[in-house]
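Using the sequences provided together with the hints, build the complete structure.
2 protein chains.
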Amino acid sequence: MALKTLSAKAAAALDKELMSTGAFSIDQLMELAGLSVSQAVYRVHPPARGPRVLVACGPGNNGGDGLVAARHLRHYGYLPTIYYPKRSKNELYQRLAKQLEDLEVPFVDDFGSAIKSTDHIVDAIFGRLQHRGSPNSADWVTGFSFSGEVREPFPSVIKALEETKVPVTSVDAPSSWNIEEGPPKSGLGSSFMPEYLISLTAPKPLVEHFNGRHFIGGRFVTPSIAKKYDFEMPAYQGLDQIVETGPTGQKL
Amino acid sequence: MALKTLSAKAAAALDKELMSTGAFSIDQLMELAGLSVSQAVYRVHPPARGPRVLVACGPGNNGGDGLVAARHLRHYGYLPTIYYPKRSKNELYQRLAKQLEDLEVPFVDDFGSAIKSTDHIVDAIFGRLQHRGSPNSADWVTGFSFSGEVREPFPSVIKALEETKVPVTSVDAPSSWNIEEGPPKSGLGSSFMPEYLISLTAPKPLVEHFNGRHFIGGRFVTPSIAKKYDFEMPAYQGLDQIVETGPTGQKL
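Residue numbers (UniProt numbering), protein chains in the order written: chain W, 1 to 252; chain R, 1 to 252.
Hints in this document: simulated from the structure, not taken from any laboratory. From the three backbone atoms N, C-alpha and C, an ideal C-beta is built for every residue, glycine too. It cannot be assumed that every hint is accurate.
Covered stretches of chain R (chain W as the covering partner; in silico rule of three or more C-beta atoms under 8 angstroms from a C-beta of chain W) [said to hold, decoys possible]:
1. 22-33
2. 94-103
3. 200-211
Put into structure tokens, the structure is as follows:
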């Protein structure tokens with residue numbers, strides 16, 4: 001079966017289209033994306049298996065998805081903890097953080113210590129495309145530059161994710177991976193293989209390098225968008241906001 | 001068991017609080033409210049029982065919830081049709097309508113004819129409190145004035161809802177009902193009793209007059225908000241965005 005993945009460039013164009021002619025607001029899309037992430041976590045790691053979830057949030061949209069997911073997880077009965085070292089000044093992300101504070105969800109500063117007392121980890125550091133805020137360089141499109149240049153504390157966090165035995169669900173891309181090419185060939189992140197990955201809207205080429213359980217989320221794509229960008233409409237069932245697929249999107 | 005309902009005044013204050021100190025945007029809240037409505041419809045009328053759903057939308061927030069619900073219903077495989085005779089100029093509602101148009105969901109002008117070819121009806125005409133747009137009079141708080149003064153085409157629509165044999169799910173309040181006092185004592189709407197009602201955030205006093213199946217939706221209320229406004233946190237299960245309760249909110 002032919003691969004139906006969405007290149008970084010196409011994914012950026014699709015998101016731009018959703019928010020322009022598609023008439024979605026970023027609030028809406030992020031709410032639905034984060035809801036999808038929370039449902040994937042529930043599917044692979046129901047709260048009875050251990051309610052503690054450490055949600056690591058980066059400064060961009062991927063981090064925003066993580067903040068939304070954490071709120072829903074709290075409502076499902078999980079006990080999330082947020083690691084959010086570079087808080088965005090973006091008004092939306094500030095509001096999403098406030099919504100968590102109002103649920104008494106703790107924010108922690110020490111990732112190394114937090115990772116030792118959690119049952120599951122959500123990696124929402126890098127991955128989703130950046131549309132707002134800075135930096136808006138070509139490098140930033142993948143959320144992680146081709147040159148591998150990422151400032152502390154993120155290298156330490158990626159190293160900890162690489163080494164932990166706690167299962168990890170990555171949002172849209174395992175942090176450190178390149179959207180097109182997958183994991184770095186060597187060095188930091190080259191051996192990072194999360195147990196679970198949820199691709200938002202459609203799988204990206206990196207999924208060819210992923211060998212865990214794979215989900216697609218973001219049940220807002222229209223058939224006409226899927227046709228235009230040449231990918232299959234995910235076969236969502238019932239009320240589900242996610243669907244489990246083979247890593248390249250095929251039905252299981 | 002003591003009734004734990006939310007007066008019209010308290011409900012208005014709660015919604016205002018969610019969007020101020022609670023840091024929610026109207027986009028977020030409406031997305032989650034509409035998602036709840038879509039899940040209630042799925043619960044009482046799964047698509048296999050008949051995919052056609054007529055969604056009647058009023059000019060305010062209740063109508064916005066209906067537009068969001070219709071989009072989710074389309075994604076679940078329903079064939080919604082929208083009746084939206086007084087389109088709001090509000091930018092959010094215009095975007096919600098555009099999102100439906102992009103899914104090729106038809107908008108119809110003739111309610112009397114549409115009601116004859118549907119399997120289920122969502123009544124999202126009046127009910128939810130108004131926060132934006134006009135009119136913002138005291139009467140408008142209930143979406144339907146105490147004096148019963150509502151302009152065409154809405155009286156005809158309410159009459160058709162009252163007379164139809166097709167099951168109806170009302171959003172937050174059966175249209176024509178008063179939030180505090182329930183159905184009008186006589187005249188238009190006095191015999192309107194929808195089969196299903198979904199109360200958003202918490203039941204309002206009108207539920208004492210309702211004798212169908214009742215749901216609560218809007219899984220974003222924090223325990224501190226519930227405590228402050230003196231109602232029980234609904235006992236949502238799993239990933240559900242709705243919970244079925246007795247009409248006064250008690251567990252079934």
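How the hints compare with the structure:
1. 22-33: holds (count 8)
2. 94-103: holds (count 7)
3. 200-211: This one is violated; 0 residues, fewer than the three required, reach chain W with a Cβ under 8 angstroms.
Violated hint: 3 only; the structure is consistent with all others.
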